[in-house]
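These protein sequence lines are chains C, W and Z, in that order.
Using the working numbering, the letters of the first sequence correspond one by one to residues 1 to 367.
Using the working numbering, the letters of the second sequence correspond one by one to residues 1001 to 1302.
Using the working numbering, the letters of the third sequence correspond one by one to residues 2001 to 2239.
Check before you lean on any hint, since a few could be wrong.
Sample of chain C residues lacking proximity to chain W, with all beta carbon distances greater than 10 Å (derived) [what the hints assert, rightly or not]:
id, residue
1, Leu-96
2, Leu-105
3, Ile-117
4, Pro-128
5, Gly-143
6, Leu-179
7, Leu-317
Rough simulated footprint, nothing fancy, chain C against chain W, three-plus residues with beta-carbon under 8 Å [said to hold, decoys possible]:
id, region
8, 1013-1023
9, 1114-1126
10, 1145-1151
11, 1178-1187
12, 1271-1282
Partial chain W-side listing against chain C, Cβ under 8 Å, derived [as the list claims (entries may be wrong)]:
id, residue
13, Ile-1041
14, Val-1109
15, Phe-1157
16, Ala-1257
Please keep in mind that the hints were generated in silico from the structure rather than gathered at the bench.
No residue lacks a Cβ here, since even glycine has one placed at the ideal position from N, Cα and C.
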Amino acid sequence: MVASSARWKWSWALRALLLLLLGGAYLAVARGGNAYLERLAILFLINLMLVVSLNLFTGLTGVFSLGHIGFMALGAYTSAILTLPVALKAVNLPDLPPPLNSFALPFLPALLLGGLIVMIIAILIGIPLLRLSGHFVAVATLGFLIITRVVLINAEAFTRGTRTFSGVPPFTTLGWAALWAALNLYVAWRVKHSPLGLQLIAARDDPWGARGSGVDIPRIRQIAFGISAFFTGIAGGLWAHFLTAFSPNAFYFSKTFEIIVMMIVGGMGSISGSVLGTLLVMASTEILRNLEPGFAIGPWMFGPLYGLSQIGLAVLLILLITFRRQGLLGDQELRTEAIAERLALWLERRKATVGALRARKADPSSS
Amino acid sequence: MSMIGSLGFWIQQLINALGLGSQYALMAVGLAMVFAVMRLINFAHGTVMMAGAYIGLLLLQHGWPFSAVVIGAIAGAAALGLLIERIAYRPVRGAPDVALLLNSFAVAVFLENMAILLFSPRSRPFPMPALLTQVLHIGGNLFLPSIHLWAFGSAMFALGALALFVTRTRLGLAMRAAAENPTAAQLLGIEIGKVTMLAFAIGSAMAGLAVILWIAHVGTINPTMGFEPVLKAFVACVIGGFGTIPGAVLGGYLLGALEILLQGFLPSGIVGYRDAFVYGILILILLVRPGGVLGYLEAERV
Amino acid sequence: MDDPVVLELRDLEAAYGAIRALHGLSLTVGAGEVVALLGPNGAGKTTTLRVISGLLRPVRGQVLYRGQEITGRSPAQIARMGIIQCPEGRQVFKSLTVRENLLLGGYRLRDPVRERRNLERALALFPMLKERLNQPAGLLSGGQQQMLAIARALMADPEVLLLDEPSLGLAPRVVEEVFEALAQLKAHGLTMLIVEQNAEKALDLADRGYVLESGRLVLADTAARLRENPDLIRIYLGR
């Protein structure tokens, strides 16, 4: 074992390094002037929020919510409707009922309101749904996703139905996305390592034991569900003000599938895993998407292969579930202490080997 | 259309419900059989149906007579079902329920996008013989689309054959036994692997038949056509009694009747929300009586 | 020449994950013999049967059937060879009728003639099943289900019958009936290996017995001598 003081020193050094790297990356993208990279970064941060929020609930409770993108949709539409300038409202949403059609909110209040409304809806539907288990709750939440979509398509006065909802002010900057993502990560981390988090994990791994210890399983699930939905709604709002135009199709199965794959790659229940998973999956899908119009390997031309990125995701998920269900990190976290320990041990061993070699050189007769 | 309240109106609705219900019943049975032997909710069931449609179109374009096309579609669907079972599901047999569910999602996404890759996302027309698409005029205001007759007839035939199979044949009995208690079945010499393959083959074949009926309604096929049917099949199973063949059949007809009723009686402002009502009822049933009408299951409760 | 040893276990070691359940178990069952496998709860008796039937792969050791190694074969394969198990808890197919349960017993035979003959024989041995042929098996009482399970196993014309706790959860009078039926089967020359908590009834029926404790063989003797053995009482009562 390494001396705890050495471990502590290295751990803080690593944390400082990480912060420096992140800060550097942020500045590079923000000031770099590369619009493509900046868009990718914002998309990454929004996806990260979606994955971490879903993982916060599904990972800790073991309950699969297939309806989370419904929360994203509600958050997106709510904040978009609230920020849409009054003039545009008259044109795009002529049937919008008063008082909604007479004001437009600034970004932050609209976002927060969106998140709050989504959280309330989540808590309400959670009361009946979270009492189910296994694939029953997965299917029930799927029903929620579908119902949300049907409602969005039919409430044309609010959403323009299947037509594109456009003209959303482009409020989402890299700064806003980074801020909210950081907040989301922080809250998720704290929840996971809090008594609530421990109770959730206990309830997931041993429900009868947890109940016997007095844990109120439905209630703690509600809380996790609510927090998770809140940030998902915020992510939806950020997304709406990033793309500035969207329709209900964006919030259906492909997005759900994408987020689930990211979560499983990283590891269900691991927050640092979600970061890695989102990064890896986004990188692969970007590569595959760029190959879709067609590419050449040597003399062979591969024609347009639309849908290649989705196929890649599907194959990835099947392989993961068959061979490595826990993804990269399972439900463990990358801890700076653990890394620091390994680093320090490795250094000590190197010192020892070097020292032994030096001793041998000085006195070849000793063993 | 007949006026609400008249006998003709109700007969019309009944005919529509039986036609639609037959479709749903055929789709739902396939889902139920796979769940019974593997505890897997097979979301790829819809894509198997879609594959049957494309195989049928291919055969049609090569000049095969329509009855052969139907058989080809059914056989093609069955073959694909077996392939999926072998490659994607057998390796993860015994995994937790949600892992199986996700796997079936992934298979569905894979197949759907492969179809988009191979056949383009455009809808293609699927010409149907007039025999199936004609509408018979039975006096007064009563119209009988012949497809409903065909649907009901073929469903009765297929489901009847299935019923005989599971009750009167050795293999059918073995399948029911394996569904209820795989360990005890194995101890009597029943190969669970073979029985599972059989369930997939039969279930997928039913989907192949159902897709022909579906196409007769919409006239075209496209790679994402299987998505909605598998969801409807799932709702049908839950309504009737999840995981059992009688439950699937009953649920299919109840769902058909429910949709026709909602379509007919919801005020025009809300009729667009019809599907929301249907899925809302799904959630209600899961909460209140997860075993469906026939009440077999007890959903795990927290 | 017919080898008198039908079933043999050699140095069997089995585990559930990290937990060792059997430590080097060896035993034999001869043709026409009834052998009892006894021991307190958790001794590894059910585990032994699971290994024989192929439901559990042993870590080490062999299972031999008529001199041929069958370790690691699938349960269905082993059943089709004629080693039929009546598992713990009856495990009849509750949603199927009594007749359907019995017909399934004959699955491995693929011979409707033999099936019919076996059905008549089974119903002759267990007449109370005859009245209930078309009832769902789930409606039968515990004792009747046990009879059904045994009858179902008989339908397969077993070479070796493995029974796991046939007396479990049954009233004493019913246990009598069950063991009477088993005695008749013994009289017909059926080879049986019986796992039982009820040592008394098992040793009344058996020719020989083995006693397990915590996965190890601690006693092996003829049934007669085991019945008199004071150690047996100690093992069961933990004194």
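For each hint, the structure was consulted:
Residue placement check: C/Leu-96 keeps its beta carbon more than 10 Å from all beta carbons of chain W (closest about 17 Å). The claim that C/Leu-105 lies off the interface holds: its Cβ sits roughly 28 Å from the closest Cβ of chain W, which is beyond the 10 Å cut-off. Non-interface call for C/Ile-117 relative to chain W: holds, since the shortest CB-CB distance, roughly 19 Å, exceeds 10 Å. Interface exclusion of C/Pro-128 from chain W breaks down, the closest Cβ pair being 5 Å apart, not more than 10 Å.
The claim that C/Gly-143 is not at the interface with chain W is violated, since a C-beta of that chain comes within 10 Å of its own (minimum 4 Å). Every CB of chain W is more than 10 Å from the CB of C/Leu-179 (nearest about 32 Å), matching its label as outside the interface. For C/Leu-317, the shortest C-beta to C-beta distance to chain W comes to about 4 Å, within the 10 Å cut-off, and the non-interface label is violated. With 0 residues carrying a beta carbon less than 8 Å from a beta carbon of chain C, the region 1013-1023 of chain W misses the three-residue requirement, and the given coverage is violated.
Beta-carbon proximity to chain C at under 8 Å applies to 4 residues in the region 1114-1126 of chain W; the threshold of 3 is reached and the given coverage holds. Check result for the region 1145-1151 of chain W against chain C: violated, 0 residues qualifying (beta carbon to beta carbon below 8 Å, three or more required). Using a Cβ-Cβ cut-off of 8 Å, 0 residues of the region 1178-1187 of chain W lie near chain C, which falls short of the minimum of three, so the contact claim is violated. Note: the region 1271-1282 of chain W has 7 residues with beta-carbon separation from chain C under 8 Å; the three-residue rule is met and the coverage holds.
Interface hint status for W/Ile-1041: upheld, as the beta-carbon distance to the closest one in chain C is roughly 6 Å, under 8 Å. With its C-beta approaching chain C no nearer than about 4 Å, W/Val-1109 sits inside the 8 Å limit, and its interface hint holds. With a least beta-carbon distance of about 31 Å to chain C, the hint placing W/Phe-1157 at the interface is violated under the 8 Å criterion. Because the smallest distance between the Cβ of W/Ala-1257 and any Cβ of chain C comes to about 20 Å, over 8 Å, the interface hint for this residue is violated.
Of the numbered hints given earlier, the model fails hints 4, 5, 7, 8, 10, 11, 15, 16; all others are met.
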